[in-house]
Amino acid sequence: MIEPRRHVRRRPPLGVLVLAIVAVVFFLLPLVGLLARTPWGDLGSLLASDVVVDALVISLVASVAAVVLSALLGVPLAWLLARVAFTGRAFVRGLVLLPLVLPPIVGGAALLFALGRRGVIGEPLYEATGLVLPFSIWGVIIAVTFVSMPFLVITVEAALLNVDTRYEGAAASLGASRWTVFRRVTLPMIGPSLLAGFVLTWARAIGEFGATVAFAGNLQGTTQTLPLAVFVSLESDRDTAIAISLILVAISLTVLIGLRDRWLTR
Amino acid sequence: MANLIVVAVATLIVASCGSASDVAQIQVSAASSLSDVFADLEVAFEDANPGTDVVLNLGGSSLLREQILAGAPIDVFASAGMEIMEEVEAAGLTEGEIDVFAVNHIEIAVPPGNPAGIVGLEDFDRDDLFLGLCAAEVPCGRLALQSFRVAGVNPTPDTNEPNVRSLLTKIEAGELDAGVVYATDVIAGEVDGIAIPSDVLSSSNYPVGRIVGSPNPTGAADFIAFMFTDEGTRILLSHGFQSP
Numbered sequence: 001m002i003e004p005r006r007h008v009r010r011r012p013p014l015g016v017l018v019l020a021i022v023a024v025v026f027f028l029l030p031l032v033g034l035l036a037r038t039p040w041g042d043l044g045s046l047l048a049s050d051v052v053v054d055a056l057v058i059s060l061v062a063s064v065a066a067v068v069l070s071a072l073l074g075v076p077l078a079w080l081l082a083r084v085a086f087t088g089r090a091f092v093r094g095l096v097l098l099p100l101v102l103p104p105i106v107g108g109a110a111l112l113f114a115l116g117r118r119g120v121i122g123e124p125l126y127e128a129t130g131l132v133l134p135f136s137i138w139g140v141i142i143a144v145t146f147v148s149m150p151f152l153v154i155t156v157e158a159a160l161l162n163v164d165t166r167y168e169g170a171a172a173s174l175g176a177s178r179w180t181v182f183r184r185v186t187l188p189m190i191g192p193s194l195l196a197g198f199v200l201t202w203a204r205a206i207g208e209f210g211a212t213v214a215f216a217g218n219l220q221g222t223t224q225t226l227p228l229a230v231f232v233s234l235e236s237d238r239d240t241a242i243a244i245s246l247i248l249v250a251i252s253l254t255v256l257i258g259l260r261d262r263w264l265t266r
Numbered sequence: 001m002a003n004l005i006v007v008a009v010a011t012l013i014v015a016s017c018g019s020a021s022d023v024a025q026i027q028v029s030a031a032s033s034l035s036d037v038f039a040d041l042e043v044a045f046e047d048a049n050p051g052t053d054v055v056l057n058l059g060g061s062s063l064l065r066e067q068i069l070a071g072a073p074i075d076v077f078a079s080a081g082m083e084i085m086e087e088v089e090a091a092g093l094t095e096g097e098i099d100v101f102a103v104n105h106i107e108i109a110v111p112p113g114n115p116a117g118i119v120g121l122e123d124f125d126r127d128d129l130f131l132g133l134c135a136a137e138v139p140c141g142r143l144a145l146q147s148f149r150v151a152g153v154n155p156t157p158d159t160n161e162p163n164v165r166s167l168l169t170k171i172e173a174g175e176l177d178a179g180v181v182y183a184t185d186v187i188a189g190e191v192d193g194i195a196i197p198s199d200v201l202s203s204s205n206y207p208v209g210r211i212v213g214s215p216n217p218t219g220a221a222d223f224i225a226f227m228f229t230d231e232g233t234r235i236l237l238s239h240g241f242q243s244p
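These protein sequence lines are chains F and L, in that order. The first sequence begins at 1 in the working numbering and counts up by one. The second sequence begins at 1 in the working numbering and counts up by one.
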């Protein structure tokens with residue numbers, strides 16, 4: 001006899017449930033701590049200060065730019081890693097992970113030694129064009145992209161490796177160009193992973209601190225992102241630091257939850 | 001709870017640093033900026049007083065204050081700036097006099113050879129240079145702004161670094177043409193220093209005191225006395241500190 005479908009057990013196993021709840025609490029605790037210390041009465045005036053508004057603008061510009069740059073450079077790199085067996089592929093894969101392994105402040109200092117005004121690449125660049133990357137929004141974008149692009153590359157590469165290449169082969173055999181195959185066959189199949197990669201990249205970018213401060217410095221209205229504003233105000237004025245942290249949490253949660261609902265649930 | 005952890009950690013640090021019964025230990029808590037100079041003072045003091053063992057507990061002044069307020073068994077406390085020591089004193093945890101043993105001036109640091117030809121504080125409003133300060137929220141930034149105010153200069157920095165170490169790194173790398181740091185940083189870092197005239201100079205005092213409940217009060221008094229001897233003064237000066 002076949003069991004009626006409504007009798008299928010829907011409750012998850014108790015052990016899984018308990019461990020998952022522990023994980024949720026673990027993620028929730030810092031938020032509770034932050035909310036408990038929030039100066040609710042002064043929140044409005046703290047958030048309306050020009051320090052906060054300036055930092056918010058820089059953070060949004062830099063994090064969106066990081067996602068765009070990562071898409072432009074990271075997706076081709078992920079495709080190459082997934083589809084072409086070239087010599088040195090293992091090395092390149094390791095290289096992509098480097099920004100995740102390096103303490104961001106070290107990564108930022110390394111960028112300074114490479115791309116700064118007196119850097120290995122930066123000095124010829126400066127002498128040829130007069131362009132100085134540190135202490136400018138370009139410096140922030142470079143630092144933030146360096147730290148966040150790996151998330152896109154890794155996610156997209158893994159997705160490409162899971163795609164059944166026979167579909168691409170079939171499309172090609174029917175006369176589709178490589179670009180058409182990528183656009184009409186590959187892209188739709190990796191779509192959800194691509195979007196997840198964008199979300200991860202953006203989330204890492206908006207919270208970036210170490211590489212930014214080491215490479216771009218900290219100047220209100222030019223290079224000071226929200227995390228930098230938090231760190232500096234933590235030294236003297238905890239209320240402001242908490243208020244800024246709170247908007248960081250608020251915009252991140254809004255964007256992440258919004259994106260998940262729209263694109264990632266299937 | 002947090003206090004308990006601080007005490008536990010401090011006790012662990014203290015307990016783990018040697019336990020030979022015939023050696024008299026002196027537990028010295030000193031601000032991070034004193035790390036190099038106190039390492040030298042420790043060696044010199046132990047040479048001059050065989051059978052003693054100075055144990056250094058280095059950290060941010062406010063962390064050290066928390067440890068002491070939580071009851072860590074410390075003999076000597078040397079802090080950066082008067083405020084922290086005054087808070088320990090206000091809590092009734094200092095024994096006897098608080099003495100200022102060193103002064104740290106601010107100074108202009110430039111990359112070796114001073115490629116931009118910086119002359120003094122008046123260069124800090126120039127747009128054609130890359131200039132750095134510590135953020136106004138940290139002591140070295142506050143001291144610098146104080147000097148600029150007195151000098152009548154309105155500085156236009158390209159970066160307000162969150163700490164003096166990251167400012168120094170950017171000057172050492174030549175990315176900044178100049179920055180305002182402590183005199184001790186100029187000695188420790190690979191930079192050249194330009195002194196700030198005494199009429200606009202700002203500085204930070206470093207006080208030292210004995211702590212109530214000190215396990216080794218005699219040793220504590222001896223170590224503090226040593227800091228004020230010619231030998232102690234010579235060591236302090238060699239690291240860029242000034243005598244009070």
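A hint or two may mislead.
Per label pair, the in silico range of CB-to-CB distance [to be verified]: (1) L:P215 x F:V53: 50 to 56 Å; (2) L:V23 x F:A20: 31 to 37 Å; (3) F:F27 x L:V23: 45 to 51 Å; (4) F:F27 x L:E172: 35 to 41 Å; (5) L:T229 x F:R37: 26 to 32 Å; (6) L:E231 x F:R118: 39 to 45 Å; (7) F:G94 x L:Q146: 24 to 30 Å.
Quick partial rundown of chain L residues pointing at chain F, CB under 8 Å, derived from the structure [what the hints assert, rightly or not]: (8) S62; (9) F130; (10) G132; (11) P157; (12) P162; (13) T169; (14) A173; (15) E175; (16) P197; (17) D199; (18) T218.
Bear in mind the hints are in silico, worked out from the structure with no lab data behind them. No residue lacks a Cβ here, since even glycine has one placed at the ideal position from N, Cα and C.
I'd like to know which numbered hints this structure contradicts. Please list them from smallest to largest. The structure conflicts with hints 2, 5, 7, 8, 16, 17, 18, although it agrees with all the remaining ones.
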